[in-house]
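Can you make the complete structure from the sequences, with help from the hints?
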Amino acid sequence: MDGRTIRRWCVVGGLLAASLGCKSTKQQNNLIGPMPDAGAALVNMPVGNGKSKSLWGGGSASAASMPVEVAAPDSKKPASAESLVAIADVQLDAALDEKTAPGSKEGLLDQARRGYQKALQRDPKSKAAMQGMGRFYARVGEREKALEWYKKCLTQYPEAGIAHEVAVAHGRWKDWAGAVAWCEYALKIDPENRTVKKDLGFFQARAGKWDDAFATLCQIMSEAQARHNLAGLLDHMGQPEASRVQLQLAVKADPNYAPAAEFLAELNQPRDPNPVQAAGAVQPAP
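Mind the numbering: the sequence shown is residues 1 to 286 in the numbering used here, read in order.
One or more hints might be untrue.
Said to hold, decoys possible - Simulated DEER-style distance windows between Cβ atoms:
(1) M221 to E148: 33 to 39 Å
(2) M221 to G103: 44 to 50 Å
(3) N268 to K105: 40 to 46 Å
(4) P124 to N256: 55 to 61 Å
(5) R114 to A258: 47 to 53 Å
(6) P240 to Q219: 24 to 30 Å
(7) K105 to K145: 17 to 23 Å
(8) K174 to D254: 29 to 35 Å
(9) K76 to A258: 55 to 61 Å
(10) Q248 to Q219: 21 to 27 Å
(11) E144 to P124: 18 to 24 Å
To be verified - When the alpha-carbon atoms are kept at most 25 Å apart in a straight line, the in silico PhoX-like pairs for lysine-lysine are as follows:
(12) K145 to K174
(13) K127 to K145
(14) K174 to K151
(15) K152 to K125
(16) K118 to K77
(17) K125 to K145
(18) K174 to K188
(19) K152 to K127
(20) K118 to K151
(21) K209 to K197
(22) K174 to K209
(23) K145 to K105
(24) K77 to K125
(25) K188 to K125
(26) K127 to K197
(27) K174 to K99
(28) K151 to K125
(29) K127 to K77
(30) K151 to K127
(31) K188 to K152
(32) K188 to K209
(33) K252 to K209
(34) K174 to K152
(35) K151 to K197
(36) K105 to K118
(37) K125 to K76
(38) K145 to K118
(39) K188 to K127
(40) K76 to K118
To be clear, the hints were calculated from the coordinates, so they are not data collected in a lab.
Computed from a prediction, not measured in an experiment: that's the story for all the values here.
C-beta: ideal position from N, C-alpha, C; glycine also.
Given below as structure tokens:
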């Protein structure tokens, strides 16, 4: 992997950072409005309309591959719902780890599901258990069940962290409009949440709303940083010329911002047409 590829993934990976997470009241739900619909209506949901410069210038540690054995507690007191969810989370991560043997995956998924269900039996109002069920179904691709559990959880616990997790799930499904809508919902609950704003900018860009993405990112970082992040995403999406434009504008905005200058220099380097020979490998005889 060359330096440009590493840099590109560092930029894109840094742009999308997920943080998972108050007591709920009916009054809070009224203040933040209804939760986003999961249907096609999300595509036309309006995004921010604040004034900003145009985009184009002018004015998660790898999970263990085997089940984790948890020692039985010394006390006879049954495990809490939160403890059961924590164990189920480990099993879910292990099941979906690419290092896990294929024959172990389904068994681990069943263990994780039963763990979340047992947590709900222990405490039907457990936020961790409801969120865990949503997380389980989201990661195994059962979208409707995932949204059902997330909405149950948000009805009782209208927290930005939970709404943000729903946004990230939509991003995993490549439903960029849905991810944007859920980030906006999370920001109604916690308007100053920088992690949500960063991911909102990423999702807006993936939805093709580049100017909105630029305006969002500029709320939490400098213009040069915002353009550098968008350049990394554009390069990842196979648009090197658009990426180069963003890097040039980043350098213009802040000539001392080294990451953009270095990325631009790498992008301007001609690619070796024969990387195998350049690496000193022996070429097969014709």
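Results of checking the hints against the structure:
no.: 1; hint: M221 to E148: 33 to 39 Å; verdict: 36 Å, holds
no.: 2; hint: M221 to G103: 44 to 50 Å; verdict: 46 Å, holds
no.: 3; hint: N268 to K105: 40 to 46 Å; verdict: 44 Å, holds
no.: 4; hint: P124 to N256: 55 to 61 Å; verdict: 56 Å, holds
no.: 5; hint: R114 to A258: 47 to 53 Å; verdict: 51 Å, holds
no.: 6; hint: P240 to Q219: 24 to 30 Å; verdict: 27 Å, holds
no.: 7; hint: K105 to K145: 17 to 23 Å; verdict: 19 Å, holds
no.: 8; hint: K174 to D254: 29 to 35 Å; verdict: 33 Å, holds
no.: 9; hint: K76 to A258: 55 to 61 Å; verdict: 59 Å, holds
no.: 10; hint: Q248 to Q219: 21 to 27 Å; verdict: 23 Å, holds
no.: 11; hint: E144 to P124: 18 to 24 Å; verdict: 21 Å, holds
no.: 12; hint: K145 to K174; verdict: 17 Å, holds
no.: 13; hint: K127 to K145; verdict: 16 Å, holds
no.: 14; hint: K174 to K151; verdict: 20 Å, holds
no.: 15; hint: K152 to K125; verdict: 10 Å, holds
no.: 16; hint: K118 to K77; verdict: 15 Å, holds
no.: 17; hint: K125 to K145; verdict: 18 Å, holds
no.: 18; hint: K174 to K188; verdict: 23 Å, holds
no.: 19; hint: K152 to K127; verdict: 9 Å, holds
no.: 20; hint: K118 to K151; verdict: 20 Å, holds
no.: 21; hint: K209 to K197; verdict: 14 Å, holds
no.: 22; hint: K174 to K209; verdict: 15 Å, holds
no.: 23; hint: K145 to K105; verdict: 20 Å, holds
no.: 24; hint: K77 to K125; verdict: 19 Å, holds
no.: 25; hint: K188 to K125; verdict: 24 Å, holds
no.: 26; hint: K127 to K197; verdict: 24 Å, holds
no.: 27; hint: K174 to K99; verdict: 24 Å, holds
no.: 28; hint: K151 to K125; verdict: 13 Å, holds
no.: 29; hint: K127 to K77; verdict: 21 Å, holds
no.: 30; hint: K151 to K127; verdict: 11 Å, holds
no.: 31; hint: K188 to K152; verdict: 18 Å, holds
no.: 32; hint: K188 to K209; verdict: 20 Å, holds
no.: 33; hint: K252 to K209; verdict: 23 Å, holds
no.: 34; hint: K174 to K152; verdict: 23 Å, holds
no.: 35; hint: K151 to K197; verdict: 21 Å, holds
no.: 36; hint: K105 to K118; verdict: 20 Å, holds
no.: 37; hint: K125 to K76; verdict: 23 Å, holds
no.: 38; hint: K145 to K118; verdict: 17 Å, holds
no.: 39; hint: K188 to K127; verdict: 20 Å, holds
no.: 40; hint: K76 to K118; verdict: 17 Å, holds
Going through the hint list in order, the structure satisfies each hint without exception.
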